[in-house]
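First to last, the sequence lines map onto chains P and E.
Counting from 1, position 55 in the first sequence corresponds to residue 54 in the working numbering; the numbering is continuous, with no gaps.
Take the position in the second sequence, starting the count at 1, then add 647; the result is the number in the working numbering.
No lab work stands behind these hints: they were computed from the structure.
These numbers were taken from a predicted model, which means no experiment stands behind them.
Using N, Cα and C, we set each Cβ at its ideal position, and we do this for glycine too.
Fair warning: there could be bad hints in the mix.
To be verified - Think about it this way: if two alpha-carbon atoms lie no more than 30 Å apart in a straight line, the pair counts; the simulated DSS-like pairs of lysine-lysine are:
id : chain 1 : residue 1 : chain 2 : residue 2
1  : E       : 853       : E       : 665
2  : E       : 665       : E       : 686
3  : E       : 819       : P       : 109
4  : E       : 853       : E       : 880
5  : E       : 819       : E       : 724
6  : P       : 70        : E       : 880
Stated by the list, open to error - Listed next, the stretches of chain P that the computed footprint assigns to chain E, with coverage defined by at least 3 CB atoms under 8 Å from CB atoms of chain E:
id : stretch
7  : 60-74
8  : 89-95
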Amino acid sequence: MFVLNPQSGTPIYRQLMDQVRRLVASGQLAPGTPLPSVRELALEHAVNPMTISKAYHLLELEGVLVRNRGKPMTVAARSPRAAPRAQRRKQLQADIRQLVFAARQLELDKEDVVALIEENWEDENAGSGRQRRKT
Amino acid sequence: MPEAVVSAERLSKSFGAKEVLREITAIAEPGDVIGVLGKNGAGKTTLLEVLLGFGPPTSGTARLFGEESMRLSERAKARIGFVPQQDELIDMLTGEQQLKLTSVFYRSWDRELARRLISEWEIPMDRTIRKLSPGERQKLALVLALGHRPDLLVLDEPVASLDPIARRAFLKQLLDVTGSENRTVLFSSHIVSDLERAANKVWILKHGELIWQGELDALKESVVRLHVRGRRKLTGSLGIPNALSERVHGTHATVAVASWDPRDEARLAARLDADVEAEPLGLEDIFVELHAGR
Numbered sequence: 000m001f002v003l004n005p006q007s008g009t010p011i012y013r014q015l016m017d018q019v020r021r022l023v024a025s026g027q028l029a030p031g032t033p034l035p036s037v038r039e040l041a042l043e044h045a046v047n048p049m050t051i052s053k054a055y056h057l058l059e060l061e062g063v064l065v066r067n068r069g070k071p072m073t074v075a076a077r078s079p080r081a082a083p084r085a086q087r088r089k090q091l092q093a094d095i096r097q098l099v100f101a102a103r104q105l106e107l108d109k110e111d112v113v114a115l116i117e118e119n120w121e122d123e124n125a126g127s128g129r130q131r132r133k134t
Numbered sequence: 648m649p650e651a652v653v654s655a656e657r658l659s660k661s662f663g664a665k666e667v668l669r670e671i672t673a674i675a676e677p678g679d680v681i682g683v684l685g686k687n688g689a690g691k692t693t694l695l696e697v698l699l700g701f702g703p704p705t706s707g708t709a710r711l712f713g714e715e716s717m718r719l720s721e722r723a724k725a726r727i728g729f730v731p732q733q734d735e736l737i738d739m740l741t742g743e744q745q746l747k748l749t750s751v752f753y754r755s756w757d758r759e760l761a762r763r764l765i766s767e768w769e770i771p772m773d774r775t776i777r778k779l780s781p782g783e784r785q786k787l788a789l790v791l792a793l794g795h796r797p798d799l800l801v802l803d804e805p806v807a808s809l810d811p812i813a814r815r816a817f818l819k820q821l822l823d824v825t826g827s828e829n830r831t832v833l834f835s836s837h838i839v840s841d842l843e844r845a846a847n848k849v850w851i852l853k854h855g856e857l858i859w860q861g862e863l864d865a866l867k868e869s870v871v872r873l874h875v876r877g878r879r880k881l882t883g884s885l886g887i888p889n890a891l892s893e894r895v896h897g898t899h900a901t902v903a904v905a906s907w908d909p910r911d912e913a914r915l916a917a918r919l920d921a922d923v924e925a926e927p928l929g930l931e932d933i934f935v936e937l938h939a940g941r
């Protein structure tokens with residue numbers, strides 16, 4: 000469900016927080032959905048469990064997740080529907096800035112980038128996208 | 648605050664005229680997995696050895712579980728597991744005989760855990776240790792260090808002779824046996840990517856001094872590479888505080904910065920009349936930047 004890259008400059012807990020927020024905002028993680036346990040995720044990705052629990056804890060403080068006694072954490076009931084489009088757009092802003100910056104360094108123009116996005120968009124739809132919509 | 652499992656206070660160590668460790672002050676708390684990072688010869692092994700009480704510090708103190716490292720009680724010693732860089736297995740024994748020999752020293756030996764690890768790591772226990780591959784030896788040494796479920800596990804370059812698959816398997820085991828029981832781990836490695844996965848804190852040694860200690864996340868958030876694109880040609884030093892390295896080419900400059908605060912971005916951009924973008928760095932880049940210059 001999550002893609003964690005320990006070698007990234009973005010700390011693992013932040014990567015996880017961003018991905019959970021996105022999946023919740025888009026409604027792919029519906030209210031009440033249980034999340035994998037800290038131990039499960041840590042072992043699956045071979046990362047320190049503390050970094051996972053830190054992400055969960057901060058998401059709980061944000062109100063995105065709810066802690067349940069003796070049971071897995073679940074997505075909070077707060078937003079019955081997906082977050083508004085404007086808010087979801089905002090969440091992509093930092094990544095877009097990075098992308099634009101990298102493209103400028105490579106001296107690619109806007110058309111190149113848009114074309115690349117379209118290509119990848121198709122791949123994503125054909126592959127994991129369909130599966131993901133079910134969860 | 649929880650009791651420190653490991654603590655060093657102004658710890659220095661010299662061999663003759665050669666100072667190997669200088670004024671190291673650091674602690675490890677229960678549950679910490681600390682990666683000790685440094686170039687070859689930075690003092691990693693010496694630090695671990697002095698902390699474990701294998702030799703006295705030249706000055707300062709080293710403590711484990713609150714006891715002075717050179718005068719550890721039997722009780723404290725039984726709470727420690729250690730795997731040295733060069734294992735201390737007995738070549739002529741079989742794995743099975745070595746296992747028996749080690750386990751009798753510990754009242755708290757967990758036979759089930761040892762058996763499970765041996766089968767998961769596929770260690771051939773009926774072979775004489777002399778005939779084991781370096782990777783198999785290392786795995787056996789690890790089982791022997793974990794079997795008594797130590798509260799503190801100290802590993803000196805634990806994965807050096809394992810291939811990437813075995814390293815990943817080892818890291819998972821390490822996280823599994825440590826994570827659930829608040830066990831403290833101190834491990835040195837020059838394989839940055841392993842450290843980046845397993846450690847929640849890092850100690851970075853440079854020429855015998857601890858130049859950084861703390862949460863890995865905090866380190867990643869504080870050391871960044873700034874990309875500066877000026878509207879005019881940039882000249883000379885940009886005078887950015889806490890710069891570790893600086894490269895200026897015409898209107899473009901890249902500057903690695905420690906203690907970066909994202910709120911400085913706008914101010915810096917205005918002062919330099921430039922676009923400023925902060926790029927987060929992986930641990931390997933951070934390590935290299937911290938060794939730049941000087």
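Legend entry - In rising order, the numbers of the hints this structure does not comply with: 3, 4, 6, 7 and 8
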